[in-house]
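Trainee: As they're listed, the protein sequences go chains S and X.
Heads up: the first sequence is residues 53 to 159, going by the numbering used here.
Heads up: the second sequence is residues 56 to 172, going by the numbering used here.
It should be emphasised that the hints constitute simulated quantities derived from the structure, not laboratory data.
Watch out, some of these pointers could steer you wrong.
What the hints assert, rightly or not - Cross-link-like lysine-lysine pairs, in silico, DSS-like; alpha carbons within 25 Å at most:
(1) S/K91 <-> X/K98
(2) S/K159 <-> S/K97
(3) S/K159 <-> S/K94
(4) X/K98 <-> S/K97
(5) S/K94 <-> X/K98
Stated by the list, open to error - One side of the interface only, derived from the structure: several residues of chain S facing chain X at Cβ under 10 Å:
(6) Y88
(7) P96
(8) R102
(9) P132
(10) F135
(11) Y146
(12) F150
From a predicted model like this one, the values you see are computed outputs, not experimental measurements.
Don't be surprised by glycine CBs; every beta carbon is placed ideally from N, CA and C.
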Amino acid sequence: DIQMTQSPSTLSVSVGDRVTITCRASQSISAWVAWYQQKPGKAPKLLIYRASTLQSGVPSRFSGSGSGTEFTLTISSLQPDDFATYYCQQCHSYPVTFGGGTQVEIK
Amino acid sequence: EVQLVESGGGLVQPGGSLRLSCAASGFTFSSHWMHWVRQAPGKGLVWVSRIQTDGSTTTYADSVRGRFTISRDNAKNTLYLQMNSLRAEDTAVYFCARAVSDYFDLWGQGTVVTVSS
Chain S
53 DIQMTQSPST
63 LSVSVGDRVT
73 ITCRASQSIS
83 AWVAWYQQKP
93 GKAPKLLIYR
103 ASTLQSGVPS
113 RFSGSGSGTE
123 FTLTISSLQP
133 DDFATYYCQQ
143 CHSYPVTFGG
153 GTQVEIK
Chain X
56 EVQLVESGGG
66 LVQPGGSLRL
76 SCAASGFTFS
86 SHWMHWVRQA
96 PGKGLVWVSR
106 IQTDGSTTTY
116 ADSVRGRFTI
126 SRDNAKNTLY
136 LQMNSLRAED
146 TAVYFCARAV
156 SDYFDLWGQG
166 TVVTVSS
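Full structure from sequences and hints, please.
Mentor: Set out below in structure tokens:
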């Protein structure tokens, strides 16, 4: 199975900060990565797919990059609604696997 | 409205069974592969199973293979997960999700399964 190692596990930030979350795959997965946002008690929400394509309706402050084994989710200027947990997912092969999550919390 | 609504969760003893349902509306259900993903309390997301548009192909995580069965009824726009021989480690929120190229663009709200004596 492909392992997705996400870092950091927790991020303490302020509104307006630039946030970068990294995901590393245990083998090359081209651009087959998606990013999700999850708030407590809610379902995950798709933000980015194919490493860098913004899902319809997602604010442009979210962006994704990377290929091969290293991937990044960036929030250019954190807004109050962005405090949540973020997960990466590899869609390259089965079983699809998720990173361990990054909790973005208020500093 | 485009949505997925799960039901069927609850408290069950170890070794017991449950059947989860996921009712789809607002989109052409029969055109999409569908998946189950679970999340244990305080933990991350774990993929469980998938089913092809016509039900002809199914895939399972190693942890549930032989105990869980995914199925669908396209006439009823409903996805199912039959869970047998349940274990404490199956305790989780179970989400159904619509797939597009193996990423998940639509999720249900989740249904809670608790396996405990």
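Trainee: If a hint holds in the structure, say so; if it doesn't, say that too.
Mentor: Status of the hints after comparison with the structure:
Only pairs whose Cα atoms come within 25 Å are accepted, and S/K91 paired with X/K98 is accepted, the gap being roughly 13 Å. For the hint pairing S/K159 with S/K97, the CA-to-CA distance comes to about 24 Å; that is within 25 Å, so the pair holds. Between S/K159 and S/K94 the alpha-carbon distance is near 23 Å, which keeps this suggested pair within the 25 Å criterion. A threshold of 25 Å between alpha carbons decides the hint, and for X/K98 with S/K97 the separation of about 17 Å falls inside it, so the pair holds.
Between the alpha carbons of S/K94 and X/K98 the distance comes to roughly 14 Å, so the proposed pair stays at or under 25 Å and holds. A cut of 10 Å between beta carbons decides the hint on S/Y88: the least distance to chain X is about 8 Å, and the hint holds. With a least beta-carbon distance of about 6 Å to chain X, the hint placing S/P96 at the interface is held under the 10 Å criterion. With a cut of 10 Å, the hint placing S/R102 at the interface with chain X holds, because the nearest CB-to-CB distance is about 8 Å.
Hint on S/P132 is violated. Least Cβ distance to chain X is approximately 23 Å, over the 10 Å limit. Taking 10 Å as the C-beta contact cut-off toward chain X, the hint placing S/F135 at the interface is violated, the least distance being around 17 Å. Of the supplied interface hints, the one on S/Y146 holds, with its beta-carbon coming within about 6 Å of a beta-carbon of chain X, less than 10 Å. With its C-beta approaching chain X no nearer than about 4 Å, S/F150 sits inside the 10 Å limit, and its interface hint holds.
The structure fails hints 9, 10 (numbered hints given earlier, in ascending order).
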